[in-house]
Amino acid sequence: MKNITLTINNTPVTVAEGATILEAAKAAGFNIPTLCYLKDVCQDSSCRVCVVEVKGARSLVTACSAVATDGMEVTTNTQKIRASRKTTVELILSNHDKKCLSCVRSGNCELQNLSKEFNCDETAYEGAMLKFEVEDNNPYIVRDNNKCVLCRRCIGACHEIQSVGVIGASSRGFNTYVGCAFDKPLGETPCVACGQCITVCPTGALSEKDDTQKVLEYIADPDLTVIVGTAPSVRVTLGEEFGGQIGADSEGKMVAALKMLGFSKVFDIDMTADLTIMEEGAELLERLKDTTAKLPMITSCSPGWVRFIEFNYPALLGHLSSCKSPQQMFGAVMKTYYAEKTKTDPSKIRVVSIMPCTAKKYERMRANQAASGFADIDAVLTTRELARLIKSAGIDFKAIKSAPFDSPVGEGSTAGLIFGASGGVMEAALRTLSETVSGKPLANVDFKAVRGTKGIKEAAVKLGETEVKVCVVSGLANARIIMDEIKAGKSNYHMIEVMACPGGCVNGGGQPIQSANVRNQTDLRIERAKTIYNKDKRANLRKSHENPVIKALYKDYFGKPGSHKAHDILHTTYIKRKKFT
Amino acid sequence: MRERAHILVCGGTGCVSGQSKLIMDEFKKEAAALGIEQEIKLIFTGCFGLCAKGPIVVIYPEGAFYGPVSVSDVKEIVSEHILKGRIVTRLLGTDTCEKGVNKSIAESAFYKSQQRIVLKNCGLIDPEDIDEYLAYDGYSAYEKAVTQMMRQQVIDCIKASGLRGRGGGGFLTGLKWQFCLEAKGKQKYVVCNADEGDPGAFMDRSILEGDPQSIIEAMMIAGYAVGSDKGYVYVRAEYPIAVSRLDIAIKQARAYGILGKNAMGLGHAFDIEIRLGAGAFVCGEETALLRSIEGKRGEPRQRPPFPAVKGLFDKPTLINNVETLGNIPQIILNGAEWFAAIGTEKSRGTKVFALGGKINNTGLVEIPMGTTLRTVIEEIGGGIPNGKKFKAAQTGGPSGGCIPASHIDTPIDYDNLIALGSMMGSGGLIVMDEENCMVDIAKFYLEFTEEESCGKCTPCRIGNKRLYEILERISEGKGELSDLDKLEQLSHYIKDNSLCGLGQTAPNPVLSTLKYFRDEYVAHVRDKKCPAGVCKALVSYTIIPEKCIGCTLCKRVCPVDAIIGELKGKHVIDTAKCIKCDACVGACKKGAISK
Chain B
1 MKNITLTINN TPVTVAEGAT ILEAAKAAGF NIPTLCYLKD VCQDSSCRVC
51 VVEVKGARSL VTACSAVATD GMEVTTNTQK IRASRKTTVE LILSNHDKKC
101 LSCVRSGNCE LQNLSKEFNC DETAYEGAML KFEVEDNNPY IVRDNNKCVL
151 CRRCIGACHE IQSVGVIGAS SRGFNTYVGC AFDKPLGETP CVACGQCITV
201 CPTGALSEKD DTQKVLEYIA DPDLTVIVGT APSVRVTLGE EFGGQIGADS
251 EGKMVAALKM LGFSKVFDID MTADLTIMEE GAELLERLKD TTAKLPMITS
301 CSPGWVRFIE FNYPALLGHL SSCKSPQQMF GAVMKTYYAE KTKTDPSKIR
351 VVSIMPCTAK KYERMRANQA ASGFADIDAV LTTRELARLI KSAGIDFKAI
401 KSAPFDSPVG EGSTAGLIFG ASGGVMEAAL RTLSETVSGK PLANVDFKAV
451 RGTKGIKEAA VKLGETEVKV CVVSGLANAR IIMDEIKAGK SNYHMIEVMA
501 CPGGCVNGGG QPIQSANVRN QTDLRIERAK TIYNKDKRAN LRKSHENPVI
551 KALYKDYFGK PGSHKAHDIL HTTYIKRKKF T
Chain E
1 MRERAHILVC GGTGCVSGQS KLIMDEFKKE AAALGIEQEI KLIFTGCFGL
51 CAKGPIVVIY PEGAFYGPVS VSDVKEIVSE HILKGRIVTR LLGTDTCEKG
101 VNKSIAESAF YKSQQRIVLK NCGLIDPEDI DEYLAYDGYS AYEKAVTQMM
151 RQQVIDCIKA SGLRGRGGGG FLTGLKWQFC LEAKGKQKYV VCNADEGDPG
201 AFMDRSILEG DPQSIIEAMM IAGYAVGSDK GYVYVRAEYP IAVSRLDIAI
251 KQARAYGILG KNAMGLGHAF DIEIRLGAGA FVCGEETALL RSIEGKRGEP
301 RQRPPFPAVK GLFDKPTLIN NVETLGNIPQ IILNGAEWFA AIGTEKSRGT
351 KVFALGGKIN NTGLVEIPMG TTLRTVIEEI GGGIPNGKKF KAAQTGGPSG
401 GCIPASHIDT PIDYDNLIAL GSMMGSGGLI VMDEENCMVD IAKFYLEFTE
451 EESCGKCTPC RIGNKRLYEI LERISEGKGE LSDLDKLEQL SHYIKDNSLC
501 GLGQTAPNPV LSTLKYFRDE YVAHVRDKKC PAGVCKALVS YTIIPEKCIG
551 CTLCKRVCPV DAIIGELKGK HVIDTAKCIK CDACVGACKK GAISK
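Top line first, the protein sequences correspond to chains B and E.
Using the working numbering, you'd call the opening residue of the first sequence number 1 and step up by one each time.
Using the working numbering, you'd call the opening residue of the second sequence number 1 and step up by one each time.
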């Protein structure tokens with residue numbers, strides 16, 4: 001690619017052709033503030049915070065979208081620019097609900113930061129303000145349009161990244177707001193609850209439905225046994241909420257903090273990820289044998305994805321594995337096997353899961369997710385909610401010592417752990433399937449072709465004599481591509497892993513929110529997944545079928561994968577949904 | 001002329017709403033009753049331009065210009081003019097009648113200084129009959145372009161003509177074509193922007209209503225020049241007559257083999273589809289328009305890339321306004337030099353204006369660039385009604401500004417208008433007299449843009465709202481002197497920071513009125529007075545005792561019984577009760593009510 005040279009504030013800088021002024025300025029050592037811009041998600045140039053002066057241009061230019069050209073002369077910090085940016089933020093503040101003291105994003109709000117940075121007067125342009133009712137009538141996402149700055153990142157995430165497209169700009173002029181078609185509440189649309197809109201929101205306009213109070217009430221009830229399970233990816237992100245590095249491993253501290261919060265037992269959902277592999281693996285082998293079975297088989301761990309296929313490809317639901325997700329298997333095992341084993345009345349057990357995901361809050365409420373007769377899962381907290389809970393309990397996260405998961409069902413293999421990154425389910429399945437089919441141990445358990453942040457990854461693997469073609473997809477826009485292939489009869493895969501969020505659970509809608517300043521420079525998915533794969537590399541127990549907990553589970557309770565009992569407890573059904581009713 | 005008389009009845013929107021269709025029917029009926037259907041030809045034309053005198057009927061060979069004509073006048077016209085050859089002078093416009101004798105239309109004050117290039121066929125041919133267009137050299141420009149010119153030659157010709165975009169921006173049309181020709185891509189599109197949204201502007205509507213085939217031909221020429229086989233016309237759904245005539249025109253052109261896979265048998269494919277706009281003003285902005293055609297929310301996007309490179313469905317797209325295209329066939333036929341000889345150095349050709357407001361001859365005029373405002377207002381426009389004084393002319397619609405009386409001798413062209421803080425815009429020209437309050441005018445236009453803003457970028461979405469709120473305060477007498485600085489500062493901010501042309505020009509009405517009529521703002525703010533008596537909160541109604549004759553007219557129209565007084569006695573207004581509805585002012589024959 002050709003290089004071009006331009007000057008930023010008289011400093012010459014050479015960048016690759018196609019770079020924006022924002023990127024060129026960064027290379028020259030100048031930060032330009034942004035608000036609506038978020039790499040790969042939104043480049044709408046709507047907020048106008050990043051304006052710069054370009055010699056010869058008619059008006060100010062938005063650095064986030066304007067492409068740098070050879071010989072361009074850019075200034076980023078003149079009086080005019082400073083005044084413009086300040087006015088822009090003051091205008092936004094003039095129509096912003098400034099209840100910062102009680103805002104879930106206070107301290108991690110990009111608008112607050114800009115206001116501080118530009119020394120804004122929040123009363124400079126007082127005038128009429130729009131008033132919206134806070135929408136919190138679905139179990140996963142809360143929308144408070146009074147705090148919306150119309151950056152439209154959420155729209156970018158919903159349309160471009162996820163191809164779900166249930167939100168968009170409504171009305172016009174000053175009355176513009178982000179809403180759904182026909183002003184339906186989010187819960188009555190084909191929203192898949194993935195929460196990607198929340199993680200890109202710069203303010204408190206979008207947040208997860210908070211279930212922390214509910215969990216605190218469970219813990220406070222002496223009659224209840226409150227069990228908590230943590231999803232694979234939470235341990236590599238929770239630390240970020242306490243100032244830790246992106247992707248830092250905080251598994252031990254997380255477990256310790258959960259114990260300090262007063263949970264009766266702290267288990268690892270990596271274990272039921274292993275269980276998922278056993279069930280899903282058996283299901284695939286069954287399908288491969290049965291010439292009438294639907295192939296490719298597609299994973300069902302990601303509830304956002306499940307909701308997506310139910311709405312968008314209801315005719316193809318037969319491709320979906322009937323396995324419950326690791327979260328739901330966890331709850332089911334706790335209230336059946338574990339309850340029996342510990343002689344606890346399942347009605348007195350509350351199972352809480354800590355998830356990287358907002359869709360899990362919805363998944364818990366799906367039909368056919370109550371193996372014991374009681375809901376498999378009683379409450380779902382996102383990583384962010386757990387962090388708030390820890391903070392509110394006065395636990396000094398940085399200072400506390402690590403603690404191990406509880407026995408006897410605490411241990412998971414790192415095959416379960418890698419579920420946290422896109423490709424992990426597939427890799428874990430391949431490890432187990434290869435060995436079960438061939439009966440021989442694998443020389444190398446790493447299936448690197450399915451790792452990484454690419455939206456669609458492919459591999460061909462020998463299972464005994466059969467070559468199996470697999471595909472790994474993350475991000476629902478990518479899933480749509482693959483599904484359209486299946487619909488058109490052009491797909492020759494045997495198994496597909498789909499995760500609703502790009503990069504998988506490490507980048508889930510319930511994960512810590514990093515500002516655009518961070519996300520524009522650092523790929524969160526890479527940093528967080530790196531820790532997961534490093535843990536896997538160092539581990540001894542790297543295959544689901546070798547997990548002693550799993551072996552015991554089948555020996556004592558389920559018999560074998562795919563057994564009748566396993567089907568009763570660990571499998572579920574799906575619903576053909578209509579987009580608009 | 002096989003027939004004895006050609007009767008042209010105006011079928012423009014204005015005259016149609018004045019029942020010109022019924023006038024047509026009446027002519028048919030009368031002719032049938034007399035058995036002379038074969039001797040006359042009735043033509044339902046496009047707009048004649050002099051809308052103030054509509055409904056208009058013109059009869060040839062005499063060229064008698066009747067207006068306003070009502071259905072009941074038809075009988076007399078037929079019996080007197082058609083049968084007896086006596087022109088009905090009482091129906092002739094003052095302008096076209098000299099001492100009771102019919103005067104040539106071309107010599108009338110309204111038409112004399114006009115030069116009709118784009119409107120050449122408007123008010124002349126039947127827009128629903130392709131044969132009439134063909135008879136007036138229709139499609140010979142396309143034939144010439146394709147058979148005698150290379151693509152580059154066509155573009156060079158447009159470039160050399162100096163034609164600039166008539167939609168508002170004034171960008172060089174030939175250059176736009178060149179960019180599109182050079183853009184890489186197999187599929188290219190030609191889009192005609194007929195989303196005319198300025199309040200009071202109806203140039204594009206009239207062209208589509210009066211001469212739709214000329215736009216089809218221009219788009220075909222453009223398609224040939226840039227290498228496109230597909231055109232879209234994006235037209236407002238609020239223009240039903242224009243839409244229907246364009247639709248008829250397209251169908252006729254297809255039936256004649258003019259549009260199609262082998263257009264006119266000359267080896268190039270071209271076809272056109274109509275897309276209806278839903279009425280959002282911002283869809284006149286080219287990138288918003290293209291998004292709207294794509295079926296998305298009509299919102300502008302940041303340029304570059306320009307549509308010529310990445311336009312409709314991300315393909316290179318040539319987008320021109322109706323009036324711009326209307327010039328194309330004439331330029332090709334008559335040559336670039338012919339066109340370049342008209343107008344001023346940097347603004348060649350003519351410009352169509354929709355003349356409105358406080359002016360006698362409201363209507364559609366096409367003048368050579370460089371014509372002074374004075375000529376337009378005093379000569380073509382026939383001056384201000386009721387002997388009032390000319391105060392300002394507003395050009396460019398909500399994006400433009402107000403030009404004060406002191407600049408009435410300015411030759412109208414792109415650059416002069418910009419220098420005065422206004423702009424050409426699409427061609428609305430609203431005349432104001434002393435009874436217009438300039439704060440109110442600024443408020444009116446800003447209310448329009450504020451409402452029509454797409455809401456995408458901060459400066460336009462919130463900035464214009466705040467700007468409007470300040471103007472509202474001022475007009476309610478709640479303003480402070482510091483508000484004037486705030487208006488200016490915020491206006492400049494919005495101009496510099498907005499994403500698209502709508503926002504970048506929205507404060508122009510505020511800035512230009514502040515520049516030329518600052519004293520009026522000061523009167524509102526400091527003296528709490530509206531000198532023109534428009535801003536209600538600042539006006540109080542009183543009866544001048546010396547003028548009042550006690551006729552009780554005012555008392556009788558007052559809806560709130562705020563006027564006290566006996567017959568032949570002096571009347572008084574109870575200001576506590578008065579709702580400032582202005583009814584008494586209208587009723588008083590003695591001008592005794594002051595405000």
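FYI, nobody ran anything at the bench for these hints, they're computed from the structure.
Quick reminder that beta carbons are idealized off the backbone N, C-alpha and C, glycines included.
Each hint should be verified, as a subset may be incorrect.
[What the hints assert, rightly or not] One side of the interface only, derived from the structure: several residues of chain B facing chain E at Cβ under 10 Å:
#1 47
#2 95
#3 150
#4 168
#5 170
#6 174
#7 177
#8 288
#9 291
So, going through the hints one by one against the coordinates:
{"no.": "1", "hint": "47", "result": "holds (6 Å)"}
{"no.": "2", "hint": "95", "result": "holds (6 Å)"}
{"no.": "3", "hint": "150", "result": "holds (7 Å)"}
{"no.": "4", "hint": "168", "result": "holds (7 Å)"}
{"no.": "5", "hint": "170", "result": "holds (9 Å)"}
{"no.": "6", "hint": "174", "result": "holds (4 Å)"}
{"no.": "7", "hint": "177", "result": "holds (8 Å)"}
{"no.": "8", "hint": "288", "result": "violated (42 Å)"}
{"no.": "9", "hint": "291", "result": "violated (43 Å)"}
The structure fails to meet hints 8 and 9 from the earlier list, while all remaining hints are met.
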